[in-house]
Amino acid sequence: MKTREILLLILVILVGLAISVFYSGRIHFLEFNWPKFLVEGEPFSFEETKRIEPPLPELLAVNNPRGEVIVNPGESENIEIYWEKQVWARNEDEARRKAEKISLLTEKTASDLVIKPSQPEREKIRYRSNLRIMAPASLTLNVENSHGLVSLAGFKKAAVRNVHGQVKVSHLAGELLINNQHGDISLDDIGGPIEVFNRHGEIVILKASEKVKIEAGYGHLDIDEAAGGLEIKAEHLSVSGRKIKGPAVISTSYEPVDLKDIDSVRISNRYGLVRIDGARGEVTIENRYSPIEIANLEGNLFILGKNTRIRGQSIRCQVINIDTSYDNVELEDFEGETSIFIRHGNVSAQPVSLKFKFNFEGSYSSLRLLWPATEKASTEISVRYGKILWQLDEPVNQFESNGETILRAFWTEETLPLVRIKTSCGQVAINKADRPEQKKLYLSLAWWMR
128 MKTREILLLI LVILVGLAIS VFYSGRIHFL EFNWPKFLVE GEPFSFEETK
178 RIEPPLPELL AVNNPRGEVI VNPGESENIE IYWEKQVWAR NEDEARRKAE
228 KISLLTEKTA SDLVIKPSQP EREKIRYRSN LRIMAPASLT LNVENSHGLV
278 SLAGFKKAAV RNVHGQVKVS HLAGELLINN QHGDISLDDI GGPIEVFNRH
328 GEIVILKASE KVKIEAGYGH LDIDEAAGGL EIKAEHLSVS GRKIKGPAVI
378 STSYEPVDLK DIDSVRISNR YGLVRIDGAR GEVTIENRYS PIEIANLEGN
428 LFILGKNTRI RGQSIRCQVI NIDTSYDNVE LEDFEGETSI FIRHGNVSAQ
478 PVSLKFKFNF EGSYSSLRLL WPATEKASTE ISVRYGKILW QLDEPVNQFE
528 SNGETILRAF WTEETLPLVR IKTSCGQVAI NKADRPEQKK LYLSLAWWMR
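Taking our numbering, the leading residue of the sequence shown gets 128, the next gets one more, and so forth.
If you're looking for bench data, these hints aren't it; they were derived computationally from the structure. Just so you know, not all the hints are guaranteed correct.
Said to hold, decoys possible - Derived pair list, reagent style SDA-like, types lysine to any residue, alpha-carbon separation capped at 25 Å: (1) Lys228 with Lys283; (2) Lys360 with Glu464; (3) Lys482 with Tyr453; (4) Lys370 with Arg288.
What the hints assert, rightly or not - Here are the in silico distance ranges between beta carbons for each label pair: (5) His471 with Arg407: 30 to 40 Å; (6) Lys251 with Asn218: 25 to 35 Å; (7) Arg259 with Gly408: 44 to 54 Å.
The beta carbon of each residue, even a glycine, is placed where N, CA and C say it ideally should be.
Use the sequences and the hints to build the structure in full.
Dropping the structure here:
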């Protein structure tokens with residue numbers, strides 16, 4: 128390869144890396160702390176105030192090109208505006224001349240009131256606009272901003288669009304729409320439905336009274352107390368949620384999902400842990416290459432996994448359905464009609480009772496079933512190219528044919544077996560659950576290799 132081609136390849140790699148870092152939100156070129164000789168002077172600040180008296184329209188719109196917007200409810204019916212202009216110049220006189228060319232426009236119609244800074248079209252002035260606004264709490268807000276904080280509290284409803292900045296909203300009576308890029312979002316006590324679009328950043332939601340819908344790229348979501356359900360569509364978003372009422376639908380990858388005290392949920396994840404502690408409704412999980420942990424479940428359970436270790440305890444369901452491969456499954460203290468399909472993995476199961484059907488199908492897989500004391504359930508076990516270890520006192524009928532071993536216990540010809548086990552290239556062990564040495568559910572490697 129010629130030197131010119133090598134240099135071109137290096138340039139392409141560097142450009143690609145720069146674009147990737149830019150879109151990930153780790154750096155923004157306009158906000159970078161450049162050396163003084165690359166920027167025009169230093170910042171100077173100038174302040175103005177403005178009052179807008181009634182009558183006021185229902186909608187207050189703020190269009191701020193760059194800076195901060197903070198809006199709080201005031202005690203009067205007026206709108207009070209405190210405006211800071213931060214202008215870059217070589218000296219104060221030059222900064223003042225530039226600042227005088229930048230004005231704050233207010234345009235009022237019957238439907239809305241628009242507040243926005245304005246500068247001459249043909250003259251480029253580098254400045255930052257920071258707005259502090261006091262307004263009646265009955266207003267609806269529509270805020271557009273970039274490269275700075277947007278903070279709203281105590282209004283009717285709101286829509287926020289921000290680029291490279293933090294968003295804080297609290298004590299909102301109605302719906303909230305946020306479209307943000309590369310900034311953290313903090314929401315508290317929102318009375319209406321919430322819809323959030325965020326490219327990169329942490330999202331914290333405390334007390335949402337209606338449905339929460341989130342589309343995100345990278346970051347973390349922490350949500351506590353959502354009363355109207357939850358819908359998440361993300362690329363690489365970790366999720367931590369508590370007290371979620373209503374249905375939840377979560378799709379993400381490469382990050383963990385950790386939920387506690389929820390209703391029904393459907394989760395799709397790849398390369399990220401899924402953990403649920405406390406669910407009152409149906410739980411459906413699809414995951415690859417990362418573990419699933421379930422505890423204290425009262426609804427039905429459906430799991431589809433690949434290279435996924437599954438652990439479950441304290442499960443009370445009508446239906447438990449697990450389909451996975453290339454890792455182990457451990458179930459303890461569970462009850463319900465259970466079906467386990469596994470390839471290249473081992474299973475340990477300790478049901479509370481065998482009143483419901485237990486079906487196991489494996490390939491290159493072994494099963495250890497801890498049999499509940501005093502339970503009697505018709506059982507049929509079929510193992511091809513493996514062995515059966517029956518360690519109960521009940522006599523069995525066992526026969527072999529063409530590499531397959533079949534065992535029947537508690538058998539009656541009139542009814543179908545409640546316990547049906549079928550595997551190949553593995554072994555099946557049926558042990559008493561009340562044996563002290565078997566209280567530990569985790570299986571040793573030595574046992575599987577016997």
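For each hint, the structure was consulted:
Of the supplied pair hints, the one linking Lys228 and Lys283 is violated, its CA atoms being roughly 35 Å apart against a limit of 25 Å. The hinted pair formed by Lys360 and Glu464 fails the criterion: a straight-line CA distance of about 32 Å is larger than 25 Å. Between the alpha carbons of Lys482 and Tyr453 the distance comes to roughly 30 Å, so the proposed pair goes past 25 Å and is violated. Restraint check for Lys370 and Arg288: not satisfied, since their Cα atoms lie roughly 28 Å apart, outside the 25 Å limit.
Hint check: His471 to Arg407, Cβ distance near 34 Å, so the stated range 30 to 40 Å holds. Against the hinted window of 25 to 35 Å, the Cβ-Cβ separation of Lys251 and Asn218 comes to about 18 Å, which falls outside the hint. Range check, Arg259 to Gly408: about 45 Å between beta-carbon atoms, so the 44 to 54 Å window is met.
Violated hints for the displayed structure, listed by number in ascending order: 1, 2, 3, 4 and 6.
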